Amino acid sequence: MKNVVDQLKTLGKVSRGWLGVLIQDVTHELAESFGMEKPQGALVAKVLSDSPAANANFLVGDIIINFAGIEIERSADLPPIVGKTPVNSSIETVVIRQGKRVSLNVTIGELPSEDDVKLAVTEQGSQAATSTRLGLSVSDLDDEKRNTLGIFDGGVLVRQVEFGAARSAGIRKNDIIVMIDNINIKNVAHFKEIVSQLGATTVPVLIHRAGSPLFL
Numbered sequence: 001m002k003n004v005v006d007q008l009k010t011l012g013k014v015s016r017g018w019l020g021v022l023i024q025d026v027t028h029e030l031a032e033s034f035g036m037e038k039p040q041g042a043l044v045a046k047v048l049s050d051s052p053a054a055n056a057n058f059l060v061g062d063i064i065i066n067f068a069g070i071e072i073e074r075s076a077d078l079p080p081i082v083g084k085t086p087v088n089s090s091i092e093t094v095v096i097r098q099g100k101r102v103s104l105n106v107t108i109g110e111l112p113s114e115d116d117v118k119l120a121v122t123e124q125g126s127q128a129a130t131s132t133r134l135g136l137s138v139s140d141l142d143d144e145k146r147n148t149l150g151i152f153d154g155g156v157l158v159r160q161v162e163f164g165a166a167r168s169a170g171i172r173k174n175d176i177i178v179m180i181d182n183i184n185i186k187n188v189a190h191f192k193e194i195v196s197q198l199g200a201t202t203v204p205v206l207i208h209r210a211g212s213p214l215f216l
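In full-length UniProt numbering, the protein residues as written are 1 to 216.
Bear in mind the hints are in silico, worked out from the structure with no lab data behind them.
There's no promise every hint is true.
Unchecked claim - Here are the computed lysine to aspartate or glutamate pairs in the EDC-like style, where the Cα-Cα straight-line distance is at most 16 Å:
id: 1; residue 1: Lys38; residue 2: Asp50
id: 2; residue 1: Lys186; residue 2: Asp142
id: 3; residue 1: Lys100; residue 2: Asp181
id: 4; residue 1: Lys100; residue 2: Glu32
id: 5; residue 1: Lys186; residue 2: Asp143
The structure presented is a predicted model; accordingly, all values stated were derived computationally and were not measured.
Kindly produce the complete structure, drawing on both the sequences and the hints.
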């Protein structure tokens, strides 16, 4: 409360710290796919362009486990801590990236207005393919679909989901698969190549659903 009063006296407004990531919880299934012993931290599903996180080289798939010396147990822990952090302060953040701990120094920005950024905690293309292994069929995205969804590079559209691994993982028709096992999916041909190389282990899959990124 004292910080709020001080800001109102000196600035005439209250500034909130901003990192610039969309995050979600790490479920037991995601913890397994990321090679973690237990669910912990805030999983980065999207890094907003020109944000403090982007400037500090945060990556989609990073799992934030410590921010300014504070352990992050679940995604809901992070926003209030970031919001209370003074703007322009340099903060050490620890993430899990491809199974390894990585330290990142981020300079906290000022939370934009809702008009500037939307915050969250988190049909057919020219080619098509069916993956019997996953139990789904996908197609490339045409330009109209990309413009509508705001996805301008890579990804494949899920056209149909049968019984199989994809349905068990929660993938639905009209989801956009953009990443499998930390590999960005370029198109249908690339999707088929990556799926053919998957082993028997569980791997993380990043999709876009109704305009929002989500790891499954």
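So which hints don't hold here, by number, going up? 1
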